[in-house]
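Asks: Sequences and hints are given; from them, build the entire structure.
Protein chains in written order, with our numbering: chain S, 1 to 375; chain E, 1 to 375.
Warning: the hint list may mix true and false statements.
Pairs count within a copy or across copies, as identical chains cannot be separated in the list.
List time: in silico DSS-like cross-link candidates among lysine-lysine, alpha-carbon distance up to 30 Å [stated by the list, open to error]: (1) Lys-152 - Lys-207; (2) Lys-152 - Lys-213; (3) Lys-96 - Lys-207; (4) Lys-213 - Lys-136; (5) Lys-46 - Lys-67.
Treat the hints as calculated values from the structure; they're not laboratory data.
There are 2 protein chains.
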Amino acid sequence: MVSSNAQSPAPRALENGGDVVISIDAMGGDRGPSAVVAGIAESADKNPEIRFIVHGNEAELNRLIAKKRGLAERCDVRHADGVVTMDDKPSQVVRKGEGSSMWSAVESVRQGEATVAVSCGNTGALMALSMIRLRKLPGVSRPAIACLWPSKSAQGFNIMLDAGADIRAEPGDLLQYAMMGASYARNGLDIDRPRVGLLNVGTEEHKGRSELKEAHELITQAAEAGDFDYLGFVEGGDLPSDRVDVIVTDGFTGNIALKTGEGTAKLVGELLREAFRNSFMSKFAAVLAMTSLKRLQKRIDPRRVNGGVFLGLNGTVVKSHGSADATGISAAIKLAFQLAKSGFQERLAARVAQGVGVTEQHDEDGAEPKNEVGP
Amino acid sequence: MVSSNAQSPAPRALENGGDVVISIDAMGGDRGPSAVVAGIAESADKNPEIRFIVHGNEAELNRLIAKKRGLAERCDVRHADGVVTMDDKPSQVVRKGEGSSMWSAVESVRQGEATVAVSCGNTGALMALSMIRLRKLPGVSRPAIACLWPSKSAQGFNIMLDAGADIRAEPGDLLQYAMMGASYARNGLDIDRPRVGLLNVGTEEHKGRSELKEAHELITQAAEAGDFDYLGFVEGGDLPSDRVDVIVTDGFTGNIALKTGEGTAKLVGELLREAFRNSFMSKFAAVLAMTSLKRLQKRIDPRRVNGGVFLGLNGTVVKSHGSADATGISAAIKLAFQLAKSGFQERLAARVAQGVGVTEQHDEDGAEPKNEVGP
Numbered sequence: 001m002v003s004s005n006a007q008s009p010a011p012r013a014l015e016n017g018g019d020v021v022i023s024i025d026a027m028g029g030d031r032g033p034s035a036v037v038a039g040i041a042e043s044a045d046k047n048p049e050i051r052f053i054v055h056g057n058e059a060e061l062n063r064l065i066a067k068k069r070g071l072a073e074r075c076d077v078r079h080a081d082g083v084v085t086m087d088d089k090p091s092q093v094v095r096k097g098e099g100s101s102m103w104s105a106v107e108s109v110r111q112g113e114a115t116v117a118v119s120c121g122n123t124g125a126l127m128a129l130s131m132i133r134l135r136k137l138p139g140v141s142r143p144a145i146a147c148l149w150p151s152k153s154a155q156g157f158n159i160m161l162d163a164g165a166d167i168r169a170e171p172g173d174l175l176q177y178a179m180m181g182a183s184y185a186r187n188g189l190d191i192d193r194p195r196v197g198l199l200n201v202g203t204e205e206h207k208g209r210s211e212l213k214e215a216h217e218l219i220t221q222a223a224e225a226g227d228f229d230y231l232g233f234v235e236g237g238d239l240p241s242d243r244v245d246v247i248v249t250d251g252f253t254g255n256i257a258l259k260t261g262e263g264t265a266k267l268v269g270e271l272l273r274e275a276f277r278n279s280f281m282s283k284f285a286a287v288l289a290m291t292s293l294k295r296l297q298k299r300i301d302p303r304r305v306n307g308g309v310f311l312g313l314n315g316t317v318v319k320s321h322g323s324a325d326a327t328g329i330s331a332a333i334k335l336a337f338q339l340a341k342s343g344f345q346e347r348l349a350a351r352v353a354q355g356v357g358v359t360e361q362h363d364e365d366g367a368e369p370k371n372e373v374g375p
Numbered sequence: 001m002v003s004s005n006a007q008s009p010a011p012r013a014l015e016n017g018g019d020v021v022i023s024i025d026a027m028g029g030d031r032g033p034s035a036v037v038a039g040i041a042e043s044a045d046k047n048p049e050i051r052f053i054v055h056g057n058e059a060e061l062n063r064l065i066a067k068k069r070g071l072a073e074r075c076d077v078r079h080a081d082g083v084v085t086m087d088d089k090p091s092q093v094v095r096k097g098e099g100s101s102m103w104s105a106v107e108s109v110r111q112g113e114a115t116v117a118v119s120c121g122n123t124g125a126l127m128a129l130s131m132i133r134l135r136k137l138p139g140v141s142r143p144a145i146a147c148l149w150p151s152k153s154a155q156g157f158n159i160m161l162d163a164g165a166d167i168r169a170e171p172g173d174l175l176q177y178a179m180m181g182a183s184y185a186r187n188g189l190d191i192d193r194p195r196v197g198l199l200n201v202g203t204e205e206h207k208g209r210s211e212l213k214e215a216h217e218l219i220t221q222a223a224e225a226g227d228f229d230y231l232g233f234v235e236g237g238d239l240p241s242d243r244v245d246v247i248v249t250d251g252f253t254g255n256i257a258l259k260t261g262e263g264t265a266k267l268v269g270e271l272l273r274e275a276f277r278n279s280f281m282s283k284f285a286a287v288l289a290m291t292s293l294k295r296l297q298k299r300i301d302p303r304r305v306n307g308g309v310f311l312g313l314n315g316t317v318v319k320s321h322g323s324a325d326a327t328g329i330s331a332a333i334k335l336a337f338q339l340a341k342s343g344f345q346e347r348l349a350a351r352v353a354q355g356v357g358v359t360e361q362h363d364e365d366g367a368e369p370k371n372e373v374g375p
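Replies: Okay, structure coming up:
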């Protein structure tokens, strides 16, 4: 089934008075459309400027949306029969996924109806569909997934890319990740002059693979034009540190680092809970410490740093965690909104163009937006 | 300066009545020889079967050792003038390091005076020296560093290799890491039939780089002869899990994962301390929960899992963390002792030989030792 909006470009009818339109795939997550609609409702409550195009089973979505007061008038539901599952292979989805809610959600960005698409579906399929429908930005050979990493930085997290879009990266790709990551840090996290590091097994210049040394040279040359501070090589221990804002690596290493970090934080959390269950005294202490522990949990809660952003395409796509609940989905929508508001897509495209001809131009992407997205 | 024992093979004079002799580089750590001697004293107290050959500044070491009751008669001090610093490049150390305490410590293993060498010095230099002096085991092209990873397993940690000996690994190297890691798990952690996994960005067989698919085939074929269960691909999140005992990866990825895990655990620990400092109530709770928190800290204390083991050489070398204190050094010595006692070096060599001709033989490395190390 092809969703109606896939057929012909629709006008930006929904974007009244500067509202930002976000396109949402309501079907692909582990918790189904009710969690997604609950996340939409949470975001809608907090932010009156967002409108939504919601893709999936029309009857079910209308029923879920009707339950939330005031939500129906801010949502445009688009029927899609198909659902991309977590087990679907990306290649199959590209060939046969046209009737799916994921396809339809990406299509709304392609058609210009929405500024950013959000999906909790299968990452590989979402990237493959986004590549095929939105196409890569001119000059980009490998798009990347940028993720947020809880850290000691003032902003509370660092950006790491590529978190797993492509298991390979040439030196030129790593340069583009640096440019794109810096642009994301400026527009998504409000960091004027991001500090960028290249992930390696040591900080000395002679360390690491030859492609990293080459990338090191390229990024050093591009830093001034790219308006970022290049710190050189950083190590795994710097990912959660406050020394660096953007960490650049290939998607294989990035994915392993991401899952290692998640696994470690989870282990410590479990051991902590066990420790507090251990005796009457410690149970009592846990009750007393509740507020502090909740504050800690909030700080490292993966739901609050939910949202991998696909960079390097003609359109912005935010990948929410598959198991995200309403809080997680609302965090992903908030990120999508922030990026849409900042005119991120246009700025990113300008940065990439700059990276292609490295020091050719030096525009003011850190200053006021030139092309605000939406009318 | 060449230490005396480097000149001619010495008899195993120290190994009386089944004692195990450990060779210790007392100089290279961040905390200097006093921390190392304190660690030796701790180990000596706990374990009457160990004797030590201690390498470094003779006068200083004799003075430090004399302060610990009963330690002098269990230590043989070997004077070495040179100290390898953390900034020395491995290539320089190989050329000019002959008078150093590190060189001398490795030499004691080469000469057969000691079964295992322990050093807190510069990792790269220690590996380079060990390679040049001990030489690689026949059939090994890349030695590996195996580290212990705190985990939910019954034994409390998993083994990961290579943690950073070599940034590259061919499929054949990964196969040998699997064989060597399984042998280490049996002899170092008493796991009869280790579960081995190959680190990748997903568990499906089609995922990852082509060399990983090739290694996957090789390890699948070798598992039966190697007496281990091969689980196929595992992910970063499995490193601290109880699904797997030995995780195999190349040294680049392994080093990044290791430092990422350490950094994440450190961040969570710091945030936890902050949380408990936050209010009077939480400070009070922290006092009540002290026992539980200490138990947790002990569980994930990096000092207690201190000791990277160099695998694939004609002799066993344990690398202690550079910043290790007495507790950390004592943990590394304990590991060295366990490996020496189990006849690990001979068993490992047999396993590697088996890996070379893959399914040729099927010896009983899990059963009683055939060649107990030492008389």
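Asks: Does each hint hold? Answer for all of them.
Replies: Against the structure, the hints come out as follows:
no. : hint              : in the structure
1   : Lys-152 - Lys-207 : within (26 Å within a copy, 33 Å between copies)
2   : Lys-152 - Lys-213 : within (28 Å within a copy, 38 Å between copies)
3   : Lys-96 - Lys-207  : between (45 Å within a copy, 21 Å between copies)
4   : Lys-213 - Lys-136 : both (26 Å within a copy, 28 Å between copies)
5   : Lys-46 - Lys-67   : within (17 Å within a copy, 68 Å between copies)
When held up to the earlier numbered hints, the structure conflicts with none and fits them all.
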